Amino acid sequence: MAQLASALMTMIVGILGCVVYFYGSNILLDKIFPTKNRPAQDVARNLRIANNVRPWLFLGPAVLLLTFYLFYPVIDSIRLSFFDRSGDEFVGISNYVWLFGNDEFFESFQNNMLWLIVVPTMSTFLGLVIATMTDRIWWGNIAKSLIFMPMAISFIGASVIWKFIYDFRSGGDAQIGLLNAIVVFFGGEPQNWITMPFWNNFFLMVILIWVQTGFAMVILSAALRGIPDETIEAAVLDGASGVQIFFKIMVPQIWGTIAVVWTTITILVLKVFDIVLAMTNGQWDTQVLANQMFDWMFRGGGDFGRGAVVAIVIMVMVIPIMVWNIKRANAEMEGR
Amino acid sequence: MITSSKRSPLTYLVHATVLFLVVIWTIPTAGLFISSIRDKDQLSVSGWWTALSTSEQRIVTRANDPETQTKEGDLFVIRGNLLEGGSGVVVKFGSSSLKPEAFNVETLAELKKGKTLQVSENGDYVLSSPDEWRGSRGQRIFYTAEIPPRFTLDNYREVLGTEGLGQSFLNSLTVTIPATVIPILVAAFAAYALAWMRFPGRALLLASVVGLLVVPLQMSLIPLLKSYNLIGEFFGVGSKTYVGIWLAHTGFGLPLAIYLLRNYIAGLPREIIESARVDGASDFDIFRKIILPLSFPALASFAIFQFLWVWNDLLIAMVFLGNNEEHLVLTGQLRELLGSRGGNWEILTASAFITIIIPLCVFFSLQRYLVRGLLAGSVK
Chain A
1 MAQLASALMT
11 MIVGILGCVV
21 YFYGSNILLD
31 KIFPTKNRPA
41 QDVARNLRIA
51 NNVRPWLFLG
61 PAVLLLTFYL
71 FYPVIDSIRL
81 SFFDRSGDEF
91 VGISNYVWLF
101 GNDEFFESFQ
111 NNMLWLIVVP
121 TMSTFLGLVI
131 ATMTDRIWWG
141 NIAKSLIFMP
151 MAISFIGASV
161 IWKFIYDFRS
171 GGDAQIGLLN
181 AIVVFFGGEP
191 QNWITMPFWN
201 NFFLMVILIW
211 VQTGFAMVIL
221 SAALRGIPDE
231 TIEAAVLDGA
241 SGVQIFFKIM
251 VPQIWGTIAV
261 VWTTITILVL
271 KVFDIVLAMT
281 NGQWDTQVLA
291 NQMFDWMFRG
301 GGDFGRGAVV
311 AIVIMVMVIP
321 IMVWNIKRAN
331 AEMEGR
Chain B
1001 MITSSKRSPL
1011 TYLVHATVLF
1021 LVVIWTIPTA
1031 GLFISSIRDK
1041 DQLSVSGWWT
1051 ALSTSEQRIV
1061 TRANDPETQT
1071 KEGDLFVIRG
1081 NLLEGGSGVV
1091 VKFGSSSLKP
1101 EAFNVETLAE
1111 LKKGKTLQVS
1121 ENGDYVLSSP
1131 DEWRGSRGQR
1141 IFYTAEIPPR
1151 FTLDNYREVL
1161 GTEGLGQSFL
1171 NSLTVTIPAT
1181 VIPILVAAFA
1191 AYALAWMRFP
1201 GRALLLASVV
1211 GLLVVPLQMS
1221 LIPLLKSYNL
1231 IGEFFGVGSK
1241 TYVGIWLAHT
1251 GFGLPLAIYL
1261 LRNYIAGLPR
1271 EIIESARVDG
1281 ASDFDIFRKI
1291 ILPLSFPALA
1301 SFAIFQFLWV
1311 WNDLLIAMVF
1321 LGNNEEHLVL
1331 TGQLRELLGS
1341 RGGNWEILTA
1351 SAFITIIIPL
1361 CVFFSLQRYL
1371 VRGLLAGSVK
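Quick note, the sequences are listed as chains A and B, same order.
When the letters of the first sequence are read in order and numbered with the working numbering, they come out as residues 1 to 336.
When the letters of the second sequence are read in order and numbered with the working numbering, they come out as residues 1001 to 1380.
In case anyone wonders, no lab produced these hints; they're calculated from the structure.
Keep in mind it's a predicted model, so treat the numbers as computed, not measured.
Each residue gets a CB set at the ideal place from its N, CA and C atoms; glycine is no exception.
There could be a bad hint or two in this list.
[Stated by the list, open to error] From chain B, some residues computed to sit far from chain A (all C-beta separations above 10 Å):
1. Val1077
2. Glu1084
3. Phe1103
4. Trp1133
5. Gly1135
6. Ser1136
7. Gln1218
8. Phe1252
9. Val1278
10. Pro1359
[Said to hold, decoys possible] Derived, one-sided and incomplete: chain A residues facing chain B with beta-carbon distance under 7 Å:
11. Asn26
12. Pro61
13. Leu70
14. Thr134
15. Ala152
16. Ala222
17. Ile314
18. Val318
19. Ala329
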């Protein structure tokens, strides 16, 4: 409890600090460049200066934090990738040479590609299907809410939940994992799913699909509701079937949203780490880049050079989406 | 939406499919919860879906000490109850591990040297011997019993106490609350500046924020770890502090916060802000008196995001808070347990449920804001 009290105290101090900073700096600015009861040209000059400075008072903390936590580290990671394990000695491109000769890297890369293909596709597809169906039934909102729920569960929590489902008992013992129980019920042989090379990747992906489908569903559902009714009514009048309406009228109209959902999940997949760490820690051919990076960051006291190289691979894969996002945001802001 | 007549078979198919999907989506969590409140002996031998039915268990126990023997006629007798007051029905028993189910209940089992053992359905047993019972420990008895379902909160008591989940819960709160509030304040001011103030470099800054939205955390970890070590050394406090993780979460949450809030604030009606300006209000007044109250929905959306993200985060906590006992957050603790108590599902299920209960409550009570935030953050 004392700890929580101190956390609350710090929070109050932090908030007060912010308030004092914003309030104080603004008052200070008004004091230094007063705009009241002054000769006209002074007022004009002071007003101009104050208006030039004030945005930076508002932006100051944010810019500082962004620089320290995101801008600078990205640059420094690139620098570190050319340095040795402690980050002190320049080693040229030897980390990159190591990376491309490393079997584990190719395994991770391959698995990452598999994740990138399967997870966004399945999540978006299932999300779209569920969104379409739940919009047509009276208890759709309850159904959506339940399918959306895994969003709130941590990846590590989700991993425990699914590890329990994949649980395997050898010998003739009763299976307490749901999946094996179902297999046994239908007369099959129980399997140790997690250690089954190649296919175990898919059992891990199921977890992320389980978590992300709700996200896709919520966004796509809103987009579907935004489709003008006239377009659908016209199609109905023309005698289009339900399936035709879905694929030829509805999907093309929400194509932009589908792309957004897809890319958002893609980025998440690139960063996926907790699930692999918790389920297999990269054993049995399930390694992925993010987990490999984490591994090198701490392995044997940490190898910063190699860790940074793996991080850069992830970054490079994200860049196309980043560029696309910026272009899209710019276009949208010009429209305003 | 697509109009279809109410009773068409297609409608039933939709109902059935959605129901099927909902079941698939909820069953994993339901299984976890049910398992966490089951008796740990039952949990380890039967699936949670059998939780309501009687389970058959094979159990080994020891009879009472030879000290408790009484002389009845020529025989030395030890009496007791195998189930020790618990409910259940004994069906079979035995005296050796090779044949734990050698005898049906109520039969008189002949053991070595004229000793006998008899067990009745309610667990009462009678051990008798022509000679005096020796040794300090009681005779081993194997039995198979049908035990009715037992639900208990013992698992929770155990993980909250001895497994250290209670402490982790506090740690998680300590990390989460400030890490949710600080970025909101910082981002709200920045968002206002980006939306309504004119200054050189605004477009560039906005584009950077959008770009930073997708920068993988992995890029930041190593340089920040180095910086933290240096700063920690400089102040002599070590690199793993709560302040450190609050600021880290603030930094990583800012791009989304600024982006969401800017979009919302930029959408507020221009007239309100301009008329306030004409009345001589400074930007600070406008922000405080007009923008903040009007942006409440957007602030709430982001707060929920950030709360869920921070509470559920494992990576940042592991890097910036470490995994020593007194700093371990719930996700970290769960990961430790997964390693050390991998087979003890009663511990894992109860711990997992404790880690997900707060986010689930937040989710179900504030879902409206969460959905709104998601939509503002990605659609358009």
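For each hint, the structure was consulted:
Every CB of chain A lies more than 10 Å from the CB of Val1077/B, the least distance being 37 Å, so the non-interface label holds. With 10 Å as the threshold on Cβ separation, the claim that Glu1084/B sits away from chain A holds: the shortest Cβ distance comes to roughly 24 Å. The non-interface label for Phe1103/B is consistent with chain A: the shortest C-beta to C-beta separation is roughly 22 Å, beyond 10 Å. Distance to chain A confirms Trp1133/B as a non-interface residue, since its nearest Cβ pair spans about 35 Å, more than 10 Å.
With a minimum CB-CB distance of about 33 Å to chain A, Gly1135/B clears the 10 Å threshold, and the non-interface call stands. Interface exclusion of Ser1136/B from chain A stands, the closest Cβ pair being 34 Å apart, more than 10 Å. Non-interface call for Gln1218/B relative to chain A: violated, since the shortest CB-CB distance, roughly 4 Å, does not exceed 10 Å. Against the 10 Å criterion, Phe1252/B falls within the reach of chain A, whose nearest CB is about 6 Å from its own CB.
With 10 Å as the threshold on Cβ separation, the claim that Val1278/B sits away from chain A holds: the shortest Cβ distance comes to roughly 14 Å. A Cβ of chain A approaches the Cβ of Pro1359/B within 10 Å, the least distance being about 4 Å, so the stated non-interface status is violated. Interface hint at Asn26/A: satisfied, since its Cβ lies 4 Å from the closest Cβ of chain B, which is below the 7 Å cut-off. For Pro61/A, the interface hint holds, the least distance from its beta-carbon to any beta-carbon of chain B being 5 Å, beneath 7 Å.
For the restraint placing Leu70/A at the interface with chain B, the shortest Cβ-Cβ distance is roughly 5 Å, inside the 7 Å limit, so the hint holds. Among the interface hints, the one on Thr134/A holds; its C-beta lies about 6 Å from the nearest C-beta in chain B, closer than the 7 Å criterion. About 4 Å separates the beta-carbon of Ala152/A from the nearest beta-carbon of chain B, less than 7 Å, and the hint is met. Contact between Ala222/A and chain B, as hinted, is supported at the beta carbon level, the nearest pair being about 5 Å apart and thus within 7 Å.
Hint status for Ile314/A relative to chain B: holds, with the closest Cβ pair at about 5 Å, below 7 Å. With a cut of 7 Å, the hint placing Val318/A at the interface with chain B holds, because the nearest CB-to-CB distance is about 5 Å. Interface restraint check: Ala329/A against chain B, minimum CB-CB distance 4 Å, threshold 7 Å, status holds.
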